[in-house]
Amino acid sequence: MHRRLSQMGQRLGSESVGDWVIKSQDPTAPFYFCASALTLLFLPFPFSCVTLILPYKPSPRYPTQMLNSFQNMFKRNNEMTPAAIQALRARYDTAGQGHLFTFFESLSNDEKKNLVSQLNALDVERVNRVYAKAIEGAEAATSAGGQAAAVEPLPDDVFDSVMTSSKEKVREWETLGLSLIAQGKIAVILMAGGQGTRLGSSAPKGCYDINLPSQKSLFQLQAERILRLQEVAKQYRRPLDAGKSVIPWYIMTSGPTNDATISFFKQHNYFGMKPENVIFFEQGTLPCLTNEGKILLESKSQIAIAPDGNGGIYAALQNRGVIASLKERGILYSHCYCVDNCLARVADPVFIGYCASKDTDCGVKVVRKASPTEPVGVVCLRNSKYSVVEYSEISAEVAERTKPNGELAFGAANIANHYFSTAFLERVQSFEDQLEYHIARKKIKHTDLTSGEQVAPKSNNGMKLELFVFDVFPFVERLAVLEVDRKDDFSPLKNAPGTGVDCPETSRRDIVAQHVRFIEAAGGRVDGENADDKEKLEFELSSWVSYAGEGLEEIVRDKTITAPAIIESREDLLKALH
Numbered sequence: 001m002h003r004r005l006s007q008m009g010q011r012l013g014s015e016s017v018g019d020w021v022i023k024s025q026d027p028t029a030p031f032y033f034c035a036s037a038l039t040l041l042f043l044p045f046p047f048s049c050v051t052l053i054l055p056y057k058p059s060p061r062y063p064t065q066m067l068n069s070f071q072n073m074f075k076r077n078n079e080m081t082p083a084a085i086q087a088l089r090a091r092y093d094t095a096g097q098g099h100l101f102t103f104f105e106s107l108s109n110d111e112k113k114n115l116v117s118q119l120n121a122l123d124v125e126r127v128n129r130v131y132a133k134a135i136e137g138a139e140a141a142t143s144a145g146g147q148a149a150a151v152e153p154l155p156d157d158v159f160d161s162v163m164t165s166s167k168e169k170v171r172e173w174e175t176l177g178l179s180l181i182a183q184g185k186i187a188v189i190l191m192a193g194g195q196g197t198r199l200g201s202s203a204p205k206g207c208y209d210i211n212l213p214s215q216k217s218l219f220q221l222q223a224e225r226i227l228r229l230q231e232v233a234k235q236y237r238r239p240l241d242a243g244k245s246v247i248p249w250y251i252m253t254s255g256p257t258n259d260a261t262i263s264f265f266k267q268h269n270y271f272g273m274k275p276e277n278v279i280f281f282e283q284g285t286l287p288c289l290t291n292e293g294k295i296l297l298e299s300k301s302q303i304a305i306a307p308d309g310n311g312g313i314y315a316a317l318q319n320r321g322v323i324a325s326l327k328e329r330g331i332l333y334s335h336c337y338c339v340d341n342c343l344a345r346v347a348d349p350v351f352i353g354y355c356a357s358k359d360t361d362c363g364v365k366v367v368r369k370a371s372p373t374e375p376v377g378v379v380c381l382r383n384s385k386y387s388v389v390e391y392s393e394i395s396a397e398v399a400e401r402t403k404p405n406g407e408l409a410f411g412a413a414n415i416a417n418h419y420f421s422t423a424f425l426e427r428v429q430s431f432e433d434q435l436e437y438h439i440a441r442k443k444i445k446h447t448d449l450t451s452g453e454q455v456a457p458k459s460n461n462g463m464k465l466e467l468f469v470f471d472v473f474p475f476v477e478r479l480a481v482l483e484v485d486r487k488d489d490f491s492p493l494k495n496a497p498g499t500g501v502d503c504p505e506t507s508r509r510d511i512v513a514q515h516v517r518f519i520e521a522a523g524g525r526v527d528g529e530n531a532d533d534k535e536k537l538e539f540e541l542s543s544w545v546s547y548a549g550e551g552l553e554e555i556v557r558d559k560t561i562t563a564p565a566i567i568e569s570r571e572d573l574l575k576a577l578h
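Be aware that the sequence shown starts at 1, since it is given in our numbering, and climbs by one per residue.
Any given hint could turn out to be false.
[As the list claims (entries may be wrong)] Pairs of lysine-lysine residues, derived as BS3-like cross-links and limited to a Cα-Cα distance of at most 27 Å, are as follows:
#1 K300 / K358
#2 K169 / K112
#3 K169 / K185
#4 K266 / K294
#5 K443 / K300
[To be verified] Across the chosen pairs, the derived CB separations fall in these ranges:
#6 K274 / Q215: 22 to 28 Å
#7 Q215 / L574: 38 to 44 Å
#8 G272 / T373: 39 to 45 Å
Because the hints were derived from the structure by calculation, they are not lab data. Quick caveat, the model's predicted, so the values are computed rather than measured. Note that CB positions come from ideal geometry on N, CA and C, so glycine has one too.
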């Protein structure tokens with residue numbers, strides 16, 4: 001205990017207690033905090049350690065975590081006794097998953113421990129409930145011919161557009177957003193659990209270099225936007241806000257990406273951010289299942305598992321202590337987005353201010369659907385509740401329906417870009433059991449229960465169960481939807497190089513084109529070789545210099561930048577002008 005608390009004292013010198021619990025990735029961390037406070041009554045400790053530990057107030061969920069951690073400590077001591085194994089087997093037999101013990105007697109002692117540890121940690125009854133609900137939902141959709149429910153366009157009072165709103169109104173939203181950032185009330189939550197497999201990389205997608213002139217990764221581009229925004233927000237500080245304007249960055253990883261993501265940030269010194277303001281947390285997993293709902297074995301001693309979808313973020317926010325950390329920091333609202341959108345305006349003050357002005361629990365940023373047949377989900381009403389309806393669920397007739405102004409009635413294309421109040425994120429656990437998981441049919445490597453050999457199927461043999469981040473929308477009481485210009489806010493990276501759509505080349509093109517627009521909007525121009533081909537133009541304007549085009553006019557008006565030019569600072573910009 002002495003050694004553990006000493007380590008805690010050293011680590012807590014530069015980060016909050018709640019954040020340490022998240023970063024530790026250790027389920028016993030809350031228990032040690034509780035134990036440490038009790039131990040202080042009897043053992044001498046440095047005063048610095050006392051002041052860091054005693055003020056900590058666990059979230060309402062932490063007592064349960066502490067109890068579970070305490071129970072698990074005893075489980076680990078007794079889990080390999082014959083009685084414990086017999087009880088575990090009986091539990092899995094009752095749940096219809098007893099086949100997971102098929103090879104148990106042939107396993108080595110270490111392999112047995114590994115399997116038992118997994119089975120003890122798994123809520124097998126919940127897995128069965130999730131499967132049953134997912135099947136029920138899928139069958140209901142099938143019986144309805146793919147049109148599971150009547151859909152309606154969004155009401156006018158929940159929808160606005162930056163493209164049709166007055167400049168004064170947009171500026172009003174932006175000012176409110178910057179004021180909230182200045183007060184330290186805003187956090188950013190990044191969904192970064194995906195790998196770059198389709199891009200030909202096994203690294204986390206956020207590490208990917210889209211071949212910008214600077215060779216910056218997606219993570220670096222986004223970190224620099226946060227840093228710039230913190231500087232811009234300083235001018236909106238009130239006297240009582242001194243020392244704030246910090247935007248903490250919570251990054252959700254997955255099992256395959258967690259260690260690599262953390263190492264990447266350490267290797268690059270957190271891209272200039274303070275380490276205590278970059279908090280990593282890992283999303284959950286669910287077992288892979290057969291089409292009949294049986295849990296698959298990856299090997300004789302290992303369950304086949306997969307991440308639980310980006311909608312698993314809500315459980316992860318609770319279970320990893322993120323919500324406790326948000327409350328501890330005084331965060332009221334969070335901007336949540338996906339890592340693979342290279343144009344994402346991280347902590348966008350316009351979007352934040354818009355949602356805050358609507359006093360909403362949940363906000364959605366959308367872009368205008370390019371055509372009725374564009375294969376994207378749309379934000380609308382389903383059964384009179386807010387929802388995202390996939391393009392395959394809407395008939396051609398409905399997709400082509402228009403408003404009196406000629407715009408598509410179902411034209412609010414979802415881009416996985418959201419705003420949440422901390423109060424709402426905390427409330428999700430009250431209806432979490434009502435969320436319906438989606439079935440993804442997959443080719444899943446598994447161990448054949450008869451031969452014991454690992455099988456790599458050539459066709460879909462099972463399913464992965466996933467939640468989507470928008471699955472909470474039906475439970476939202478007040479929604480706010482803001483339409484933004486696609487060319488400014490959305491350029492996804494989904495496909496391999498050379499495919500021509502949502503690929504590295506289009507991402508590079510869209511960022512360079514945006515940077516050129518920033519200069520042109522400020523009264524300057526960019527010329528040079530390949531000036532008309534943004535996939536090849538060697539020009540880049542760092543977010544260190546301008547987040548969204550602000551602060552450029554007084555410098556570049558009536559002047560020209562000749563490419564190649566990589567602008568990393570105000571000094572670089574001044575040197576490049578002529």
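TODO: Enumerate the violated hints, using their earlier numbering and listing them in ascending order.
DONE: Hints 1, 2, 4 and 7 are the ones this structure does not satisfy, whereas the remaining hints hold.
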